[in-house]
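S.K.: Sequence:
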Amino acid sequence: MGRKRDNHENGDGEGEEGYANKRQRSTVNAETVTYLEEVIAHLKTVTDEEEKILLVNNVLEEIQGREVKIVSDSVCSRHLEFLLSSASIVQISNFFESFSDTNAYIELVSGPFGSHVAEKCLIRMESLIVKADEEQYSAAQKCLTDLAEKTLEHMYEHSTDRFATHMARRVLCLLAGQNVLPSVGKTKAGQQNQQQRAKGAATSSVAIAAGSARFPDLIKKFVDTICNPSFEGAPPTELVIHPFASPFLQALVKAAASVDPRFVLRLAPTLLGGASAAATAHANAANADGSTGGGGGGGHGGAVKASRVLEASSATAVADLAGDPIGSHLFEVLVQCAPRSLTVELYDRVLEGRLKDLILHPHGNFAVQAFLASLQDKELFKSRVFRELEGFVGSMLTRRRSGVLSALVSASERLSVCQKELCTILEAALAEVASPEFRLPLATGVIKPSLAATLMCLDCPFPLLGLKTAGSDALSPPSSSPLLPPNPLSPYLDHPYQGPAGPAMPRLSPLGCGALASILKFSQGACREFTDSLIALSPNDLTRVATDPSGSRVLEALLKDSTCPARVKVKAAEKLRGRWRFVAATAPGSYVIEAAMSVLEGGGG
Numbered sequence: 001m002g003r004k005r006d007n008h009e010n011g012d013g014e015g016e017e018g019y020a021n022k023r024q025r026s027t028v029n030a031e032t033v034t035y036l037e038e039v040i041a042h043l044k045t046v047t048d049e050e051e052k053i054l055l056v057n058n059v060l061e062e063i064q065g066r067e068v069k070i071v072s073d074s075v076c077s078r079h080l081e082f083l084l085s086s087a088s089i090v091q092i093s094n095f096f097e098s099f100s101d102t103n104a105y106i107e108l109v110s111g112p113f114g115s116h117v118a119e120k121c122l123i124r125m126e127s128l129i130v131k132a133d134e135e136q137y138s139a140a141q142k143c144l145t146d147l148a149e150k151t152l153e154h155m156y157e158h159s160t161d162r163f164a165t166h167m168a169r170r171v172l173c174l175l176a177g178q179n180v181l182p183s184v185g186k187t188k189a190g191q192q193n194q195q196q197r198a199k200g201a202a203t204s205s206v207a208i209a210a211g212s213a214r215f216p217d218l219i220k221k222f223v224d225t226i227c228n229p230s231f232e233g234a235p236p237t238e239l240v241i242h243p244f245a246s247p248f249l250q251a252l253v254k255a256a257a258s259v260d261p262r263f264v265l266r267l268a269p270t271l272l273g274g275a276s277a278a279a280t281a282h283a284n285a286a287n288a289d290g291s292t293g294g295g296g297g298g299g300h301g302g303a304v305k306a307s308r309v310l311e312a313s314s315a316t317a318v319a320d321l322a323g324d325p326i327g328s329h330l331f332e333v334l335v336q337c338a339p340r341s342l343t344v345e346l347y348d349r350v351l352e353g354r355l356k357d358l359i360l361h362p363h364g365n366f367a368v369q370a371f372l373a374s375l376q377d378k379e380l381f382k383s384r385v386f387r388e389l390e391g392f393v394g395s396m397l398t399r400r401r402s403g404v405l406s407a408l409v410s411a412s413e414r415l416s417v418c419q420k421e422l423c424t425i426l427e428a429a430l431a432e433v434a435s436p437e438f439r440l441p442l443a444t445g446v447i448k449p450s451l452a453a454t455l456m457c458l459d460c461p462f463p464l465l466g467l468k469t470a471g472s473d474a475l476s477p478p479s480s481s482p483l484l485p486p487n488p489l490s491p492y493l494d495h496p497y498q499g500p501a502g503p504a505m506p507r508l509s510p511l512g513c514g515a516l517a518s519i520l521k522f523s524q525g526a527c528r529e530f531t532d533s534l535i536a537l538s539p540n541d542l543t544r545v546a547t548d549p550s551g552s553r554v555l556e557a558l559l560k561d562s563t564c565p566a567r568v569k570v571k572a573a574e575k576l577r578g579r580w581r582f583v584a585a586t587a588p589g590s591y592v593i594e595a596a597m598s599v600l601e602g603g604g605g
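Following the UniProt record's numbering from start to finish, the sequence shown increments by one per residue and tops out at 605.
Worth flagging that the hints you see were computed from the coordinates, not collected in a lab. Everything numeric in this text was worked out from a predicted model, so none of it was measured. Glycine is no exception: its CB is placed at the ideal position from the N, C-alpha and C atoms. Be aware that one or more of the hints could be misleading.
Unchecked claim - Each pair of labels, with its calculated beta carbon distance range:
(1) Gly394 / Glu153: 50 to 60 angstroms
(2) Ser416 / Thr145: 28 to 38 angstroms
(3) Asp320 / Gly602: 48 to 58 angstroms
(4) Thr145 / Pro325: 31 to 41 angstroms
(5) Lys420 / Arg400: 41 to 51 angstroms
(6) Ala587 / Phe462: 37 to 47 angstroms
(7) Ile123 / Glu432: 48 to 58 angstroms
(8) Asp459 / Gly391: 12 to 22 angstroms
(9) Ser138 / Glu61: 21 to 31 angstroms
Stated by the list, open to error - Dumping the calculated DSS-like pairs for lysine-lysine here, alpha-carbon to alpha-carbon at most 30 angstroms:
(10) Lys131 / Lys44
(11) Lys356 / Lys220
(12) Lys378 / Lys560
(13) Lys420 / Lys220
(14) Lys142 / Lys69
(15) Lys448 / Lys571
(16) Lys571 / Lys420
(17) Lys378 / Lys356
(18) Lys521 / Lys571
(19) Lys571 / Lys560
(20) Lys69 / Lys52
(21) Lys448 / Lys420
(22) Lys448 / Lys560
(23) Lys220 / Lys142
(24) Lys382 / Lys560
(25) Lys521 / Lys560
(26) Lys44 / Lys69
(27) Lys378 / Lys305
(28) Lys142 / Lys221
(29) Lys131 / Lys142
(30) Lys382 / Lys521
(31) Lys142 / Lys52
(32) Lys521 / Lys448
(33) Lys382 / Lys356
(34) Lys356 / Lys305
(35) Lys378 / Lys221
(36) Lys305 / Lys382
(37) Lys448 / Lys378
Sequences and hints are given; from them, build the entire structure.
M.R.: Okay, structure coming up:
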């Protein structure tokens, strides 16, 4: 959360231009600065790993006793950061031992420059520990134990500090043996996580599996500390909305889920304001079997009995947390990692009757998406959740909540329930919002909206299909060269859309396409209308869909994963004949071509 350095300070400590004239700002003597600059320049020319380690060892011996001064310096810390990215686990462990004094360690992790050095060391250790020998692994374990103890001793200070919190989160990653960091805002990874959530996947970059933690005993100490009634500092219910502490707690929940689902049951009442002796007893008594397994676990058994860990929590306060701009992220992570029994209890005590209001909330709608993606209980979804939302599908379309709609469709596909009812409701809702370009005449003379086109262009500022050539099977407009075949994508390239690098072909809706891809996996008795509307698109529109990063997944789902008859798949593949050259020239289209060829060769797969 939040940048640790300004944009002009980003980099890997390689002495880029911009730092060349900053020696006057260094608090370290010029001789040391010059020495480090010369070492870094030489290190960049070294390719042998053993020679790099020897060079690192020489530098660490040279600066021994001055580590605190150097890592706190704006110039030297950059050089040291780059140097330690080539260190061995033993060297990293020895480096942290030089900060054994509590005050020195706090200065290291809470400083704007030292925190970067420390975090880079842990990133390096993370890449080495997976292939470490017994000596290296033992050094890593000792080092991480010391770092964990220091963090536990001052957990409140470390979690709430702007810089130290990053170090504390990175320690949890190493203890868990996987990436438990929260997703950062508007980045490519964040966008991918939103799409994964809509498709029913966990939003963490690595799936959290119980029993996968590298050092479970140390993670248990973190859980014990935060759940301790005598926890020093602010109450955990205040930390969940702290801009720096909340991401740390998100990482802790994921790390706890990697040890045992019961740890998440212990954390839930503490973080949601319902900590009590009874809640702790219920959490400790829970069985870590299929009924309490993580929300992403396999199997969709019958109804699961709700846990009782939130009996003392205020439903209103928890619902408010789900709508808080900071706390909502923690709520999402709790839902994603929650055992099935806790998911049922959250709906029973908090979410039931509040889903519609949360969907319309700018932050709460993401909490609903996470809840729908984590649902594993068929009966809960069929008899309660779907019944609460079935009359709200139209509002999801008109109020631009395509993410929730996509998560709802994915839940129906994943659990194999309510598919026919959902398609019927969605057909009527899409007919109300369909653009005139998508209302195509049928052979009977009836005008019917294209469900597939409307869904794939959901929330787009203008129609992206049916441009100039809707309903036409001709390749148009003609090519400017008689030696080249006409380009069926020309109408879409000519559309007045400005991309980051100038005029570009706009993209179809990722969430709308994701929903349609899930619908195509429904039984044909449920999704027949959607399949027919996709096949009814003109060849040029299908070419446009096949070359789109999101649209291509729709055609892949149709050709590879759908339950439609073989003749329907063959018809879709045949419509791309004569256009394969343009489709194959794009990265998304190459996969469509592969699927189409398999269909044509196998007569429908």
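S.K.: Determine for every hint whether it applies to the structure shown.
M.R.: Cross-check of the supplied hints:
The supplied range of 50 to 60 angstroms is met by Gly394 and Glu153, whose beta-carbon atoms lie about 55 angstroms from each other. Separated by about 46 angstroms at the C-beta atoms, Ser416 and Thr145 break the suggested range of 28 to 38 angstroms. For the pair Asp320 and Gly602, the supplied restraint of 48 to 58 angstroms holds, since their beta-carbon distance comes to about 55 angstroms. Judged by the Cβ atoms, the range 31 to 41 angstroms given for Thr145 and Pro325 holds: they are separated by roughly 36 angstroms.
For Lys420 and Arg400, the Cβ-Cβ distance of about 26 angstroms falls outside the hinted range of 41 to 51 angstroms, so the restraint is violated. The beta-carbon spacing between Ala587 and Phe462, approximately 25 angstroms, falls outside the hinted interval of 37 to 47 angstroms. Here the CB-CB span from Ile123 to Glu432 is close to 51 angstroms, well matched to the stated 48 to 58 angstroms. For Asp459 and Gly391, the hinted distance range of 12 to 22 angstroms is satisfied, since their beta carbons lie about 21 angstroms from each other.
A C-beta distance of roughly 22 angstroms is found between Ser138 and Glu61, which places it inside the suggested range of 21 to 31 angstroms. The suggested pairing of Lys131 with Lys44 holds, with an alpha-carbon distance near 24 angstroms, which does not exceed 30 angstroms. Straight-line distance between C-alpha atoms of Lys356 and Lys220 comes to about 37 angstroms, which puts the hinted pair past the 30 angstroms bound. Using a Cα cut-off of 30 angstroms, the hinted pair Lys378 and Lys560 holds, with the two alpha carbons roughly 26 angstroms apart.
Taking the CA atoms of Lys420 and Lys220, the gap is about 45 angstroms. The hint is violated against a cut of 30 angstroms. For the suggested pair Lys142 and Lys69, the alpha carbons sit about 25 angstroms apart, so the restraint of at most 30 angstroms is met. Distance restraint check for Lys448 and Lys571: the Cα-Cα separation of roughly 21 angstroms lies within the 30 angstroms cut-off, and the hinted pair is therefore satisfied. Our distance criterion of 30 angstroms between C-alpha atoms is met by Lys571 and Lys420, whose separation comes to about 24 angstroms.
Taking the CA atoms of Lys378 and Lys356, the gap is about 20 angstroms. The hint holds against a cut of 30 angstroms. Restraint check for Lys521 and Lys571: satisfied, since their Cα atoms lie roughly 18 angstroms apart, inside the 30 angstroms limit. A threshold of 30 angstroms between alpha carbons decides the hint, and for Lys571 with Lys560 the separation of about 14 angstroms falls inside it, so the pair holds. Annotation: proposed proximity of Lys69 to Lys52 holds, straight-line Cα distance about 24 angstroms (limit 30 angstroms).
Of the supplied pair hints, the one linking Lys448 and Lys420 holds, its CA atoms being roughly 20 angstroms apart against a limit of 30 angstroms. Between Lys448 and Lys560 the CA atoms are separated by roughly 27 angstroms; this keeps the pair inside 30 angstroms, and the hint holds. With a CA separation close to 17 angstroms, the supplied pair Lys220 and Lys142 stays within the 30 angstroms bound. Only pairs whose Cα atoms come within 30 angstroms are accepted, and Lys382 paired with Lys560 is accepted, the gap being roughly 28 angstroms.
Proposed proximity of Lys521 and Lys560 is supported: the alpha carbons are some 10 angstroms apart, at most 30 angstroms. This hinted pair checks out: Lys44 and Lys69 have alpha carbons roughly 24 angstroms apart, not beyond 30 angstroms. As the CA atoms of Lys378 and Lys305 are separated by approximately 13 angstroms, the hinted pair is consistent with the 30 angstroms bound. Only pairs whose Cα atoms come within 30 angstroms are accepted, and Lys142 paired with Lys221 is accepted, the gap being roughly 16 angstroms.
Restraint check for Lys131 and Lys142: satisfied, since their Cα atoms lie roughly 17 angstroms apart, inside the 30 angstroms limit. Between Lys382 and Lys521, the direct Cα distance comes to roughly 18 angstroms. Compliance with the 30 angstroms bound is thereby established for this hinted pair. Proximity of Lys142 to Lys52 is assessed by CA-CA distance (about 24 angstroms); at most 30 angstroms being required, the pair is judged to hold. Our distance criterion of 30 angstroms between C-alpha atoms is met by Lys521 and Lys448, whose separation comes to about 23 angstroms.
Taking the CA atoms of Lys382 and Lys356, the gap is about 17 angstroms. The hint holds against a cut of 30 angstroms. Restraint check for Lys356 and Lys305: the C-alpha separation of about 24 angstroms stays at or below 30 angstroms, so the hint holds. Distance check on the hinted pair: Lys378 and Lys221 sit about 35 angstroms apart at the alpha-carbon level, beyond 30 angstroms; violated. Pair hint Lys305 plus Lys382 holds up; C-alpha atoms about 16 angstroms apart against a cutoff of 30 angstroms.
For a cut-off of 30 angstroms, the pair hint linking Lys448 to Lys378 is broken: about 34 angstroms separates their Cα positions.
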